[in-house]
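2 protein chains.
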Amino acid sequence: MLGGDAAPVAVAGGVARALAADSDLRVAAVGPVDVAERSLAAAGAAADRLEIVAASQRIEMGEDPARAIRAKRDATVRVAVRLVRDGAADACVSVGPTGAAMAAALFTLGRLAGVTRPALAVVIPARNGPVVLLDAGAGVHAGPDLLAQFALAGAALAQTRLHVAHPRVGLLSVGTEPGKGDEVRKEAFGVLTAALDGQPAEFVGNVEGADVALGERADVIVTDGFTGNVLIKGMEGMLTLAISLVRDAGAPDRTLDDLLATALGPLHPDTLGGGVLLGVDGVVVIGHGAAGADAVASCIRVASAAVREGLLPRLAGSLDEFVRRRRAAAGYTAPVTGSDGGKGTQQ
Amino acid sequence: MLGGDAAPVAVAGGVARALAADSDLRVAAVGPVDVAERSLAAAGAAADRLEIVAASQRIEMGEDPARAIRAKRDATVRVAVRLVRDGAADACVSVGPTGAAMAAALFTLGRLAGVTRPALAVVIPARNGPVVLLDAGAGVHAGPDLLAQFALAGAALAQTRLHVAHPRVGLLSVGTEPGKGDEVRKEAFGVLTAALDGQPAEFVGNVEGADVALGERADVIVTDGFTGNVLIKGMEGMLTLAISLVRDAGAPDRTLDDLLATALGPLHPDTLGGGVLLGVDGVVVIGHGAAGADAVASCIRVASAAVREGLLPRLAGSLDEFVRRRRAAAGYTAPVTGSDGGKGTQQ
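Sequence order for the protein chains is A and B.
My numbering numbers the first residue of the first sequence as 5 and each following residue consecutively.
My numbering numbers the first residue of the second sequence as 5 and each following residue consecutively.
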């Protein structure tokens, strides 16, 4: 209830809309009880499927995320991921700072076996069908092995959310020929080929920035968090520019700017649908800090869909295979039986 | 006459349009004489301000650029930059492979004093006025010192082409706060601050992907060639998507897709205006391989404008100051008198 630029109003409005749209949904709203009660009542949220869980602290944008999460034991996002860890909730949604949500998830939920670092995955409504892009900014760097983990995670999301049985996975680079890109992409080419071999997914090689919006070449596009974050924000900026040009051109019969905003909803700042933090041992959805009520409702939809579609078991399964091969390549032979010790132990 | 996907027709058409639009322009078309004569005549190019310079070889997309430029002494792009070096032309335009044009420029023209590696600069027609983005893909990596060179080069382009006396220069990162980004951006922050101090430009700190299309925060945005290339192609893809959505919505009174294409012309694949290769000792403009006649004409306009506006002397001047400070910081005291030995000597 304290996350994002427009808290608590936008969060309360999003909860109300999500509850109204999905009669099987139950929401635990985490925040100061009086603030939550007042704002949720004002938003008209269905009280019978709503619970308020007390938490008093807020993480600010300027704070160091890891330090803030450690220091603020009663931060809303930390209490929320604790509910997931304890089985009291199936998923957590945050529109607070991305770094804070990621730190809370790592600290409390831990990583899935085989995961070095989680990635934020967003689904872009591309021209030829949706595209999963990751990492959209959970980290900044990514070496070849991490990009391979992202490929498996993105494929699991495409399989469950997009119902693509054999997703095509592309490596974002500056040209489609194999050899194009920096040293990381050159090396990643072989690592991704090996990691996806035998998986229900296909490595289609290098793809380019335009493929994220076009969707012709790949269903899943992997890159480091720096590039992914710059790219997705650049696409958002271009969409804002296009909408303002359409608006300047006058109002035709159908309001074209509304159409653009709807069709491209998940990318639009006003309605941004939220990214899924892939790689932590729980479903965590992170929305835009500028999220309005529609965007918060969309984040909740994304979270409940991930739970219902079995994203986590699917991802854990493909990572098991990845870990088995990585261990075999390193000379280990012990079977993989679950989490790799990255599991969080703090509360 | 042999560069790009639609050679020689698109090149000949672009030459014809550029000559028709600018009565002070003279063009030397470089390629096989029979091919050039036939295609330029078919395009109706004004023969009185047109000269054909013979060259027989073409660099293909798959070739290693540096090797191809060395091996193919009669490649069109190599002959074209030679005309610039010899003073027979003021500028060179290529819609062949970017790497080949860059290799030819480096090999034959050499670098300006103070330049480690050139960058490709494009002008984006952002919502609040044009934005210079570089590097759009001449290289892949860029450390802090190279980013500072890009900042000076981009500022010179904004001063001459955009007539912004004191351009605001931003460093592309994943958040606007100073500590945001990877190690390169963190270190570059201080290096850019120092490099722009005392120059007719202002370092405004970190900017984000959206700022390239919005133009509110900066007139010049610098980044490495990998990120810049992915970003600009991602924006192109988003524009293509937006145009197709507008088209799908039916045809209003004013054809909105035409409007979008015109307003955003320089970013649109059909009309991409071409990037200026900043840092080499000559004016070299590189267009999209998919360039049609309009795009080729636009590249020629960009090249002639750069010559008329004095881009090169402006850039050399600000680099002199940069080199002087860098040398002072390293303990040298000798004055800077011109090129630094990066000058090309091969023909």
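To be clear, the hints were calculated from the coordinates, so they are not data collected in a lab.
In this text, all values refer to a predicted model and were calculated from it rather than measured experimentally.
In this text, a Cβ means the ideal position worked out from N, Cα and C, and glycines have one as well.
It is possible that some hints are incorrect.
Which residues of chain B face chain A? A partial, calculated answer using Cβ under 10 Å [said to hold, decoys possible]: (1) Ala58; (2) Gln61; (3) Ser177; (4) Gly241; (5) Ala246; (6) Arg312; (7) Glu313.
Straight line, CA to CA, 27 Å or less: simulated DSSO-like cross-link-like pairs of lysine-lysine [what the hints assert, rightly or not]: (8) A:Lys76 x B:Lys76; (9) B:Lys184 x A:Lys76; (10) A:Lys190 x B:Lys190.
Tested hints:
{"no.": "1", "hint": "Ala58", "in the structure": "violated (31 Å)"}
{"no.": "2", "hint": "Gln61", "in the structure": "violated (21 Å)"}
{"no.": "3", "hint": "Ser177", "in the structure": "holds (8 Å)"}
{"no.": "4", "hint": "Gly241", "in the structure": "holds (3 Å)"}
{"no.": "5", "hint": "Ala246", "in the structure": "holds (4 Å)"}
{"no.": "6", "hint": "Arg312", "in the structure": "violated (29 Å)"}
{"no.": "7", "hint": "Glu313", "in the structure": "violated (26 Å)"}
{"no.": "8", "hint": "A:Lys76 x B:Lys76", "in the structure": "violated (65 Å)"}
{"no.": "9", "hint": "B:Lys184 x A:Lys76", "in the structure": "holds (22 Å)"}
{"no.": "10", "hint": "A:Lys190 x B:Lys190", "in the structure": "holds (25 Å)"}
Hint violations for this structure: numbers 1, 2, 6, 7 and 8, all remaining hints satisfied.
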